[in-house]
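Below, each chain spelled out in residue letters.
2 protein chains.
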Amino acid sequence: KMATPVYTPFVFLLLLFQSRVWGFPVRQTPQESPTCGYKSCHATKPGMLNVHLVPHTHDDVGWLKTVDQYFYGDRNDIQHAGVQYILDSVVDQLLKNPDRRFIYVETAFFYRWWKQQTDDMQNTVKQLVNEGKAREGDEATTHYSAVIDQMTMGLRFLNDTFGHCGRPRVAWHIDPFGHAREHASMFAQARVIRAHSNLNPAPSPPGILPNGYNPPEGFCWDQSCDDPPIRDDPDLEDYNVDDVVTRFLSIAHALVYKTNHIIMTMGSDFQYENANLWYKNLDKLIRYVNQNQSNGSGVNVLYSTPSCYLQELHRANLTWPLKGDDFFPYADSDHDFWTGYFTSRPALKRYERISNSYLQCSVLWLVEKAVAVAQHHDAVSGTEKQHVANDYARRLANGWAHCQVLVSNTLSSLSGSSAPRVYCEHLNVSVCPLTETSKKFSVNVYNPLARPVSWPVRLPVNGTAYSISDANGKAVDSQVVPVSQATAAVRRGRGYAVNELLFQVQAPPLGYSTYSVSLLQNGPPSPHFVTLRDFLSSLLCVCFPRYNASDGNNSESIQMSGAYIFRPNTSTPFIISKTAKTETLQNSVVQEVRQWFSPWVSQVVRLYTDSRALELEWTVGPVPIGDDLGKEVISRLDSSINSSGVFYTDSNGREVLQRRKDYRPTWNLRQSEPIAGNYYPINSRAYIKDDKDQLTVVTDRSQGGGSIQDGSLEIMLHRRLLYDDVRGVGEPLNETSDIYPEGLVVRGRLLLSLSPPATAADTHRPLAQEVVLQPLITFTDGELHPSTRLEFSGLQAVLPPAVHMLTVSQWDQDSVLLRLEHQYQASESKEPSQPVTVNLQKLFSTLDVLGVSEMNLSANQWKDEMTRLDWKAESGEKHLPKRGGDPSVWEVNLKPMEIRTFLLRVRQR
Amino acid sequence: KMATPVYTPFVFLLLLFQSRVWGFPVRQTPQESPTCGYKSCHATKPGMLNVHLVPHTHDDVGWLKTVDQYFYGDRNDIQHAGVQYILDSVVDQLLKNPDRRFIYVETAFFYRWWKQQTDDMQNTVKQLVNEGKAREGDEATTHYSAVIDQMTMGLRFLNDTFGHCGRPRVAWHIDPFGHAREHASMFAQARVIRAHSNLNPAPSPPGILPNGYNPPEGFCWDQSCDDPPIRDDPDLEDYNVDDVVTRFLSIAHALVYKTNHIIMTMGSDFQYENANLWYKNLDKLIRYVNQNQSNGSGVNVLYSTPSCYLQELHRANLTWPLKGDDFFPYADSDHDFWTGYFTSRPALKRYERISNSYLQCSVLWLVEKAVAVAQHHDAVSGTEKQHVANDYARRLANGWAHCQVLVSNTLSSLSGSSAPRVYCEHLNVSVCPLTETSKKFSVNVYNPLARPVSWPVRLPVNGTAYSISDANGKAVDSQVVPVSQATAAVRRGRGYAVNELLFQVQAPPLGYSTYSVSLLQNGPPSPHFVTLRDFLSSLLCVCFPRYNASDGNNSESIQMSGAYIFRPNTSTPFIISKTAKTETLQNSVVQEVRQWFSPWVSQVVRLYTDSRALELEWTVGPVPIGDDLGKEVISRLDSSINSSGVFYTDSNGREVLQRRKDYRPTWNLRQSEPIAGNYYPINSRAYIKDDKDQLTVVTDRSQGGGSIQDGSLEIMLHRRLLYDDVRGVGEPLNETSDIYPEGLVVRGRLLLSLSPPATAADTHRPLAQEVVLQPLITFTDGELHPSTRLEFSGLQAVLPPAVHMLTVSQWDQDSVLLRLEHQYQASESKEPSQPVTVNLQKLFSTLDVLGVSEMNLSANQWKDEMTRLDWKAESGEKHLPKRGGDPSVWEVNLKPMEIRTFLLRVRQR
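Sequence lines, in order, name chains A and B. Under my numbering, read the first sequence as residues 1 to 909, first letter to last. Under my numbering, read the second sequence as residues 1001 to 1909, first letter to last.
Simulated from the structure, these hints should not be mistaken for lab results. For each residue, glycine too, the CB sits at the ideal point set by N, CA and C. There's no promise every hint is true.
To be verified - Just the calculated beta-carbon pair ranges, DEER-fashion:
| # | chain 1 | residue 1 | chain 2 | residue 2 | range |
| --- | --- | --- | --- | --- | --- |
| 1 | A | Asn-668 | B | Lys-1115 | 28 to 34 Å |
| 2 | B | Thr-1572 | A | His-80 | 47 to 53 Å |
| 3 | B | Asn-1295 | A | Thr-437 | 44 to 50 Å |
| 4 | B | Asn-1668 | A | Thr-118 | 55 to 61 Å |
Stated by the list, open to error - A few chain B residues that don't get close to chain A, going by computed Cβ distances all over 12 Å:
| # | residue |
| --- | --- |
| 5 | Asp-1160 |
| 6 | His-1253 |
| 7 | Asn-1398 |
| 8 | His-1426 |
| 9 | Leu-1519 |
| 10 | Phe-1574 |
| 11 | Gln-1709 |
| 12 | Gly-1794 |
Okay, chain A solo, but in the shape it has when bound:
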């Protein structure tokens, strides 16, 4: 986001190597085509400072405009940006001078452009890629499974299109809002070299870029810049070649570098729409600066790419530091912590998360694309404009609609029943026309996990009593309870159920089970109101605190809270209400406490009989703004746990990192924001612990949170703000919708578990997976045909608890892409943290596995063809993979946190 002068974005250049599992690999030289890869790098001059000019553009896949508006260059009144023209122009200009280079990373745009090109143009571009043009991947703070799916899709497209020359050799990360360790791990699971600018202390980077991912001051020759062009015609006025060369040499010599190679990123947001301006001046810059070598300038400038730069760093044969921590929270100045976007647009964040679970039951390209686009850092981060958020949501909804057709067909085929299948997307607010009116219906529960799940179902109904039977015809205990006032208030005419029917369902791994429901009796239920178990009331803060947002005192010099930035105007949150209106009920299925703190904040605390976790269903909104104060609502969990200033958060839903209050592991922090500076992203879970207890919260979407007081965990639920925070989006984060014109109402769940630390992972690991990959529930009205198959599992047997089947998707006619993940960290649990073996031939119930080939994580290269540059770490130790051979080709061993990717040749049984 370069839109405002206030904000200097930071650059994050990940140069990856030595990946044990996955990354952007480099082929060995013998296998390399002579024209692509490192072979295509320009020669450097050993005795000189070599300046690698890397022409690039940074094209947000939606931010101030929608992805297609950006692509076409529509709505240029909002922001001047037209990606179709960028690609047109860069290709033209690369053809004009074979020395020129470019990197392009946004595959979502490239794909759109590619399919509009003629065969001739496609061949031209293939030729350019063969000659050494790199294409690389972008990220956001997202769930790892969605990231991997997105990468796979994009890289597969590149593989299919360009072959191995199009395979990215480095990861190119610019403009993330902080950087997750898990992301680096996914790329390399090992070491990271990075060059960045203002991520306060930079631990020994190979070079600090002078101006973010922008070109150095005075050297921006895009049409969007006003820097003076190189005027080299001596017959015209203002000849400035000497001035340009002098300025360039002085910038180059002033840079910090460890080798005699430095990189300059020559480009920025949506630049190169008219690439001639850039290249014409870069050609001249290279010519005139290098002419000065004869005067002893000692500087050599060349067109380059990140991988060519990496190659030179490698050749330098130096030692490099390792980085163990991550880059959160990111701040661009003392009071400007980018911790607001962890929570911004909570409804969209949840929608994105559950859409990803759809992916697991669908290979539909369209859905995959919608979810991939939403992984962009301005999408799921919530830092896009409202109309763009609406576009993302619409794309997801569109993907869902297509996916429902596919799911219906699949279920019809598996079950042998073609009865119309109904989806109820608003069960979270007790809306489902079929269950509200039908006297007899069946419920199909599809479980995308590789182990059986037990799941509480809540259906809106108008009857008082129902009989339910499972797939084996066995009666299932159920209860009917009145719909809560909070639910009735938020559904806004979309449904009229007075009751909710509760029962527990179970579904087999990668399979479904079907339940039949029959109305027994109409009328209101007589709930049993009781008192909850003791520990809950002692654990919970019975309040919902909120922060009032800093409004910058109407001054531009004081940072305000906004879509990106969280900055409370005091460090003590306001308590919305010290007391709550409360109803409690208990029956054989659930105990619940319904709490109303104010007309716009309520909560239901539930403990299902079969559950390992306490559910806090929160409903927040419309956040009132009549007092002209933006508000950021948190849920705070206070406990007696002696957490000693330490808490833990996950990284992209996978590994867990320790966080210490007012502290950073690799550099000295001077804390300037006591609240916002202690917030971290919580993508799936956070916990505090002491020797005895661990309180873990599993979230249903990405949220921000912190542990400001010992024993306390707070999670930001919803934000409504009245000012833009001057990072370019140009809108206050003030969400409304057609249904909630007075302010968005958001509902979500926090799942709490309290366990001894040694066994906590045994609960939160599967729990978090269940929240991400929740069962898919469909309904069929009336009686099912007797021949209907009521239960099905795609697996021969349940997988071990440690193994998560991350990906199963059809790759082509005869093959399936499978990713198996060890979902425990080493030593976070006892038995589950051990290595585990899976036999690929004994996996599927419907497929014979005829062959297997292991691939890299992104599935764009065979594992045994991967080689990487060999780097010296400062520890002296080489982090080369040292793995024993598998006992057999079918037996797959998984170590803690390992993900392995296989392409299986299969035959339908």
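Knowing the structure of chain A, use the given hints to seat chain B on it.
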């Protein structure tokens, strides 16, 4: 100027034909190359409405930025514009699709670009031009001799570069601020067809453009526009092809047209820097709109050029109206008359005018270029930004410096004296270090006219008496008078002369004469103060009135006076002073009255003994603005002449047009601005007359003026304004300089003659030529070597009074370009208005004329190869040239106002 939404500029498309003398001719088909000219036009569809899309850019040769800043795209913070990239991009894009067309007109830019191109690129462009790309000329309200010189230079470059395919076939005039009849006459001396938008009533144009020279609303696809691109990928969001086609058809059908051909100008100021945006969408527009022909749309869209459009108008075989009047004053709304620029920047206007006289004694390309650039409508008009005006002045000064070297060399060679030659450029304020200090010096007077001139010389001196002898050693009468207080006040330390030495010099045609000056006596002179002749005091207004400028009442809705627009806040001018402090003197050389009206307004009224005209030397400035009022100072000449609401002004320094108060010849005027709406451009002269007397004012630069009361003529001298007038320049016209930091002081001369109407032209025609082509005076210190040739004439004999030698310039090694002009209108005089004959072989004293070929006016085509389209005028009469053969090839006959152009093959005698 499209910079502000307030101003809708108008389009002036001159489609020229039947030129008797000059224009952009069209070759006959047999001589035409098969690939260029009309042959390259796309076929149209007879039964449909054919929409000619004309891609074009309008590139001011200096306005908000200097010409080289525009060329390179420097200072894009002022205005985004880079012409080098426009030409790069358009050439690229034309190569991508042979159907595409483009017109480019600004040769000053094209020349800069061309010489930076490789041979390959030059050949590519030649090929494109051969395939039918047109290149055409721009204009401004300027002196005709400068316009012709500029055209000649530009067209010669095109001829030399592209041959006959590059020869423009039509004139393309967009964005002039009104249009002079003389300009049309210069182009065609006959008839004009025009298409324009808001030049109130448009007399039967072939089609009115929907949006000035812009594309129609919603169809601007330049990078500078925000109109939606054509989104034709059905897989992406916002598919809009149907919408675009519908909107286009509705605009096309709504247009006014006389044939089934309409023109749409697809471009605007500095557009096509990234031509891909335009052409990609235009390609789609043509494809999709023409697809609708099968649905009966009846509209055919095609790429076209003005000449292709013209060809179709001609084929329509209709009758067309003739236009006799001109388009002044131009107004873009009731109170927004563009009559301020007639006077804006009076100092620059004078500098440009006298620089042109340098051209006549020099073939230096550099000077020619500087003057040509200054012909641009934003240069001499004074509507550029201050820094751009400074750049023009600097270019002219640079040209002068080079020219001085050439003149010195030429004079040395002719005179046989290599004594150092000194130039005094500030004689108008009595500054000349040599004459101020030298006791003996010589004065060389070079006369660029083809007839002898007698000229008063005023030199700053510190002596009291001098002896002067002419080239024949004969004593010359001289007088010494004290320097006036006004002059002493404005020279600001550049000179310290206390006296001025006055004497009359005479110089032979196209030659020089040398005067020797010796100091006789030091000390102050004793002037003879006397009373001027009677008629002068009765004629003159002894005041200098001024208008206070409208300041728009600080409201944007009320038009203010500015660089473009003159709008006084009342119709009655304020009298600066009713009385003047006066000194009068008389001697054998001159009588003069020195008048001080205020500290910032003074005047010297002079009558030289040998002169036919009274000289009013005015000095105005610094115009005070302490009262926060902009001021526009006029000189008003009141007389008893019964002018009956009629006065006369010249058109570009040549033909004279009648102006009638509150009236336009070809349409009904509702006068909305009694002063500004009656102002007209005075490029060289204006007059009022009755049966008995004609009062003629000859100006030394372009100025605005009017006759608001009968018997009165007012001329605006200087303007200082505090507000921008919202036509894009974005600066108030508030001139200061290093020498005049408190406000520019400007000095100039009005030459008045009072004669019977029948003989008035006999005075004002030669007078005006003398003001434009004034003698060039150089100085040599000390005694000249006795062998020095003190007098020289390039002519064998004086030419007849009617004949003006408009151009004599070396064309190449063996040839000279000669233009002879009959400088009288028919019947404006008795003897001089008769046709006249000149023998080309008896012209030059130093050259033998070996051969002659007549050319068209712009010297880019042989006269006998010119043919034009044959048009039907509404009068039914054909305006084809009907000229008898010359009696001999050497005898050249000139009819009134005729200009003939010859290329002479010569040999030095």
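To see whether the hints hold, each was checked on the structure:
1. A:Asn-668 x B:Lys-1115: 28 to 34 Å: 60 Å, violated
2. B:Thr-1572 x A:His-80: 47 to 53 Å: 50 Å, holds
3. B:Asn-1295 x A:Thr-437: 44 to 50 Å: Roughly 48 Å apart at Cβ, these two residues keep to the hinted range, so it holds.
4. B:Asn-1668 x A:Thr-118: 55 to 61 Å: Once the Cβ atoms are compared, 57 Å apart, the range 55 to 61 Å for A:Thr-118 and B:Asn-1668 holds.
5. Asp-1160: At about 18 Å from chain A, B:Asp-1160 clears the 12 Å cut-off, so the statement holds.
6. His-1253: 26 Å, holds
7. Asn-1398: 9 Å, violated
8. His-1426: 25 Å, holds
9. Leu-1519: 43 Å, holds
10. Phe-1574: 42 Å, holds
11. Gln-1709: At roughly 47 Å from the nearest Cβ of chain A, B:Gln-1709 sits farther out than 12 Å, so the non-interface label holds.
12. Gly-1794: 31 Å, holds
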